[in-house]
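Enquirer: Top line first, the protein sequences correspond to chains A and B.
Position one of the first sequence corresponds to residue 155 (my numbering), numbered consecutively onward.
Position one of the second sequence corresponds to residue 66 (my numbering), numbered consecutively onward.
Please note: incorrect hints may appear among the correct ones.
Computed Cβ-Cβ distance ranges for the label pairs, DEER-style [said to hold, decoys possible]:
#1 A:Thr267 to B:Gly124: 44 to 52 angstroms
#2 B:Leu74 to A:Glu210: 25 to 33 angstroms
#3 A:Ala207 to B:Val145: 42 to 50 angstroms
#4 B:Pro104 to A:Glu210: 24 to 32 angstroms
#5 B:Lys68 to A:His164: 29 to 37 angstroms
#6 A:Asn161 to B:Val145: 19 to 27 angstroms
Think about it this way: if two alpha-carbon atoms lie no more than 27 angstroms apart in a straight line, the pair counts; the simulated DSS-like pairs of lysine-lysine are [to be verified]:
#7 B:Lys169 to B:Lys106
#8 B:Lys106 to A:Lys211
#9 B:Lys169 to B:Lys68
#10 B:Lys172 to B:Lys106
#11 B:Lys172 to B:Lys121
#12 B:Lys172 to A:Lys168
#13 B:Lys106 to A:Lys165
#14 B:Lys133 to B:Lys68
#15 A:Lys165 to B:Lys169
#16 B:Lys121 to A:Lys211
#17 A:Lys211 to A:Lys165
#18 B:Lys133 to B:Lys106
#19 A:Lys168 to A:Lys225
#20 A:Lys225 to A:Lys211
#21 B:Lys121 to B:Lys106
#22 B:Lys68 to B:Lys106
#23 B:Lys68 to A:Lys211
Worth flagging that the hints you see were computed from the coordinates, not collected in a lab.
Source: prediction; values computed, not measured.
Ideal Cβ positions, reconstructed from N, Cα and C, are used throughout, including at glycine.
Now for the letters of each chain:
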Amino acid sequence: DTGVSQNPRHKITKRGQNVTFRCDPISEHNRLYWYRQTLGQGPEFLTYFQNEAQLEKSRLLSDRFSAERPKGSFSTLEIQRTEQGDSAMYLCASSLVGTGAREAFFGQGTRLTVV
Amino acid sequence: ELKVEQNPLFLSMQEGKNYTIYCNYSTTSDRLYWYRQDPGKSLESLFVLLSNGAVKQEGRLMASLDTKARLSTLHITAAVHDLSATYFCAVDLRRGQGNLIFGKGTKLSVKP
Numbered sequence: 155d156t157g158v159s160q161n162p163r164h165k166i167t168k169r170g171q172n173v174t175f176r177c178d179p180i181s182e183h184n185r186l187y188w189y190r191q192t193l194g195q196g197p198e199f200l201t202y203f204q205n206e207a208q209l210e211k212s213r214l215l216s217d218r219f220s221a222e223r224p225k226g227s228f229s230t231l232e233i234q235r236t237e238q239g240d241s242a243m244y245l246c247a248s249s250l251v252g253t254g255a256r257e258a259f260f261g262q263g264t265r266l267t268v269v
Numbered sequence: 066e067l068k069v070e071q072n073p074l075f076l077s078m079q080e081g082k083n084y085t086i087y088c089n090y091s092t093t094s095d096r097l098y099w100y101r102q103d104p105g106k107s108l109e110s111l112f113v114l115l116s117n118g119a120v121k122q123e124g125r126l127m128a129s130l131d132t133k134a135r136l137s138t139l140h141i142t143a144a145v146h147d148l149s150a151t152y153f154c155a156v157d158l159r160r161g162q163g164n165l166i167f168g169k170g171t172k173l174s175v176k177p
């Protein structure tokens with residue numbers, strides 16, 4: 155286990171379709187984050203989990219978005235009824251929260267294109 | 066609402082020159098991170114700054130944090146082409162208990 159893994163790496167979908175992305179964090183990490191990054195911008199926070207509990211959701215996360223981390227390990231991010239504005243890079247990150255500070259390690263991302 | 070501003074947003078440098086990237090943030094925080102992103106790639110952690118006056122160096126890059134001024138700097142010494150990338154600063158509002166707020170990034174291009 156060398157890092158955060160995301161699948162698929164690229165996804166092209168038609169507007170109105172549903173898509174699901176998967177993130178496998180670093181195995182011992184208890185915190186998992188989802189971010190969205192559009193061209194020329196920094197990552198924007200969407201949501202995060204501490205183990206299996208979803209502790210915070212951004213206002214960016216509309217009702218069409220849902221994230222799960224059922225067993226506190228991998229996570230999925232689903233977008234229903236995709237819109238062209240959903241086109242972006244979706245980044246997953248994980249960290250170990252406990253004693254001291256730990257930076258978040260990012261996966262390679264899933265690039266979504268809605269046509 | 067926390068705002069994180071980086072400047073410059075674009076930086077073209079010649080090899081061998083020095084330059085500084087600035088990261089200002091609007092709300093009190095004592096944790097700041099610097100990441101590097103190559104085109105089409107994910108973010109690579111460079112530095113974690115945890116207190117006022119913290120300074121960290123790795124190779125040609127040095128980062129510092131002034132929490133009173135709400136300012137972090139990333140200094141590049143004797144730039145080389147391999148440093149060409151986009152650099153992001155990110156602020157942690159809640160001491161590791163929440164999410165990071167990122168700046169827009171500084172796109173650095175080092176030319177021979």
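Enquirer: Taking the hints in turn, state whether each one holds.
Expert: Status of each hint after checking the structure:
Distance hint check: the CB atoms of Thr267 of chain A and Gly124 of chain B are about 36 angstroms apart, inconsistent with the given range 44 to 52 angstroms. For the pair Leu74 of chain B and Glu210 of chain A, the supplied restraint of 25 to 33 angstroms holds, since their beta-carbon distance comes to about 28 angstroms. In this structure the hint that Ala207 of chain A and Val145 of chain B lie 42 to 50 angstroms apart at CB holds, the actual value being about 45 angstroms. About 30 angstroms separates the C-beta atoms of Pro104 of chain B and Glu210 of chain A, a value consistent with the hinted range of 24 to 32 angstroms.
Under the hint 29 to 37 angstroms, the C-beta atoms of Lys68 of chain B and His164 of chain A, about 32 angstroms apart, fit the expected range. The beta-carbon spacing between Asn161 of chain A and Val145 of chain B, approximately 34 angstroms, falls outside the hinted interval of 19 to 27 angstroms. Between Lys169 of chain B and Lys106 of chain B the alpha-carbon distance is near 16 angstroms, which keeps this suggested pair within the 27 angstroms criterion. Between Lys106 of chain B and Lys211 of chain A the CA atoms are separated by roughly 25 angstroms; this keeps the pair inside 27 angstroms, and the hint holds.
Under the criterion of a C-alpha separation no larger than 27 angstroms, the hint pairing Lys169 of chain B with Lys68 of chain B is consistent with the structure, at around 10 angstroms. Taken as a hint, the Lys172 of chain B and Lys106 of chain B pair is honoured in the structure, with Cα atoms around 14 angstroms apart against an allowance of 27 angstroms. Simply put, Lys172 of chain B and Lys121 of chain B have alpha-carbon atoms about 21 angstroms apart, close enough for the 27 angstroms limit, and the pair holds. Restraint check: the Cα-Cα separation between Lys172 of chain B and Lys168 of chain A comes to about 32 angstroms, which exceeds 27 angstroms; the hinted pair is violated.
For the hint linking Lys106 of chain B to Lys165 of chain A, the alpha-carbon distance of about 16 angstroms falls within 27 angstroms, and the restraint holds. Our distance criterion of 27 angstroms between C-alpha atoms is met by Lys133 of chain B and Lys68 of chain B, whose separation comes to about 16 angstroms. In summary, the hint linking Lys165 of chain A to Lys169 of chain B is supported, as the alpha carbons are separated by about 24 angstroms, within the 27 angstroms threshold. Proposed proximity of Lys121 of chain B and Lys211 of chain A is contradicted: the alpha carbons are some 32 angstroms apart, above 27 angstroms.
At roughly 23 angstroms between alpha-carbon atoms, Lys211 of chain A and Lys165 of chain A fall within 27 angstroms of each other, so this suggested pair holds. Between Lys133 of chain B and Lys106 of chain B, the direct Cα distance comes to roughly 34 angstroms. Violation of the 27 angstroms bound is thereby established for this hinted pair. Note on Lys168 of chain A and Lys225 of chain A: the hinted pairing is violated, with a Cα-Cα distance of about 31 angstroms set against a maximum of 27 angstroms. Among the hinted pairs, Lys225 of chain A with Lys211 of chain A is consistent with the structure: their alpha-carbon atoms are about 19 angstroms apart, no more than 27 angstroms.
The hinted pair formed by Lys121 of chain B and Lys106 of chain B meets the criterion: a straight-line CA distance of about 24 angstroms does not exceed 27 angstroms. For the proposed pair Lys68 of chain B and Lys106 of chain B, the alpha carbon gap of about 25 angstroms is at most 27 angstroms, so the pair holds. Annotation: proposed proximity of Lys68 of chain B to Lys211 of chain A holds, straight-line Cα distance about 18 angstroms (limit 27 angstroms).
In terms of the numbered hints stated before, the structure departs from hints 1, 6, 12, 16, 18 and 19, listed from lowest to highest.
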